[in-house]
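Undergrad: Each chain, letter by letter, is given below.
There are 2 protein chains.
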Amino acid sequence: MDWISTIGYLAASLTTLSFLPQAFKVITTRNTQGISGLMYVMFMAGLVMWLIYGVLIEDAAVSMANFLTLVFALPILVMKCRKG
Amino acid sequence: MDWISTIGYLAASLTTLSFLPQAFKVITTRNTQGISGLMYVMFMAGLVMWLIYGVLIEDAAVSMANFLTLVFALPILVMKCRKG
Numbered sequence: 001m002d003w004i005s006t007i008g009y010l011a012a013s014l015t016t017l018s019f020l021p022q023a024f025k026v027i028t029t030r031n032t033q034g035i036s037g038l039m040y041v042m043f044m045a046g047l048v049m050w051l052i053y054g055v056l057i058e059d060a061a062v063s064m065a066n067f068l069t070l071v072f073a074l075p076i077l078v079m080k081c082r083k084g
Numbered sequence: 001m002d003w004i005s006t007i008g009y010l011a012a013s014l015t016t017l018s019f020l021p022q023a024f025k026v027i028t029t030r031n032t033q034g035i036s037g038l039m040y041v042m043f044m045a046g047l048v049m050w051l052i053y054g055v056l057i058e059d060a061a062v063s064m065a066n067f068l069t070l071v072f073a074l075p076i077l078v079m080k081c082r083k084g
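If you read the sequences in order, they're chains A and B.
Residue numbers for the first sequence follow UniProt numbering, beginning at 1 and rising by one.
Residue numbers for the second sequence follow UniProt numbering, beginning at 1 and rising by one.
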């Protein structure tokens with residue numbers, strides 16, 4: 001893997017994994033104040049489109065990164081819907 | 001533009017624009033409770049890497065989408081740092 005691809009994978013890892021501390025925080029504190037529900041609705045709709053795009057262009061990295069981000073972002077939206 | 005590219009652009013637009021309602025919310029309410037500062041540190045570091053990657057592979061869509069997301073996410077992190 002060349003160094004440019006390494007930067008791409010590092011970028012994908014950081015943006016994907018960044019949702020883990022947010023998911024952990026809302027699950028442990030059950031506090032969703034300040035979080036925009038609309039952001040997560042739009043963001044997850046976008047992730048679904050990215051996932052479809054990744055499958056269509058047969059790019060495993062795009063598909064996998066967006067699938068994982070969806071998994072991490074889902075509990076944030078679910079908690080936001082339950083706690084308001 | 002073929003329909004697969006259209007899905008990609010729609011995906012990019014949704015994930016990028018999703019940070020606008022969150023930025024608007026923290027700016028107007030000045031309430032950052034529930035928001036993970038670590039998420040935004042990791043996310044923005046990832047966006048910078050994506051931006052560098054986009055420039056290196058000379059992909060205007062990747063560069064532009066990540067630059068705009070950086071602009072929208074910045075006030076969220078700034079407000080989180082100020083309000084805690």
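Derived from the structure by calculation, the hints contain no laboratory data.
C-beta atoms are modelled at their ideal positions from N, C-alpha and C, and glycine is treated no differently.
Some hints could be false.
[To be verified] Distance condition first, Cα-Cα at most 25 angstroms in a straight line; then the derived DSS-like pairs of lysine-lysine: (1) A:Lys80 / B:Lys83; (2) A:Lys80 / B:Lys80; (3) B:Lys80 / A:Lys83; (4) A:Lys83 / B:Lys83.
[Stated by the list, open to error] To be clear about the criterion: a stretch of chain A counts as covered by chain B if any three or more of its residues have a C-beta under 8 angstroms from a C-beta of chain B, and this derived list gives those stretches: (5) 5–12; (6) 23–36; (7) 50–59.
[Said to hold, decoys possible] Cβ-Cβ distance ranges computed for the label pairs, FRET-style: (8) B:Val71 / A:Thr29: 40 to 50 angstroms; (9) A:Arg30 / B:Ala60: 11 to 21 angstroms; (10) A:Ser5 / B:Thr28: 17 to 27 angstroms.
Undergrad: Now tell me if each hint is right for this structure.
TA: Hints versus structure:
{"no.": "1", "hint": "A:Lys80 / B:Lys83", "verdict": "holds, 21 angstroms"}
{"no.": "2", "hint": "A:Lys80 / B:Lys80", "verdict": "holds, 19 angstroms"}
{"no.": "3", "hint": "B:Lys80 / A:Lys83", "verdict": "holds, 21 angstroms"}
{"no.": "4", "hint": "A:Lys83 / B:Lys83", "verdict": "holds, 22 angstroms"}
{"no.": "5", "hint": "5–12", "verdict": "holds (count 5)"}
{"no.": "6", "hint": "23–36", "verdict": "holds (count 10)"}
{"no.": "7", "hint": "50–59", "verdict": "holds (count 5)"}
{"no.": "8", "hint": "B:Val71 / A:Thr29: 40 to 50 angstroms", "verdict": "violated, 29 angstroms"}
{"no.": "9", "hint": "A:Arg30 / B:Ala60: 11 to 21 angstroms", "verdict": "violated, 42 angstroms"}
{"no.": "10", "hint": "A:Ser5 / B:Thr28: 17 to 27 angstroms", "verdict": "violated, 41 angstroms"}
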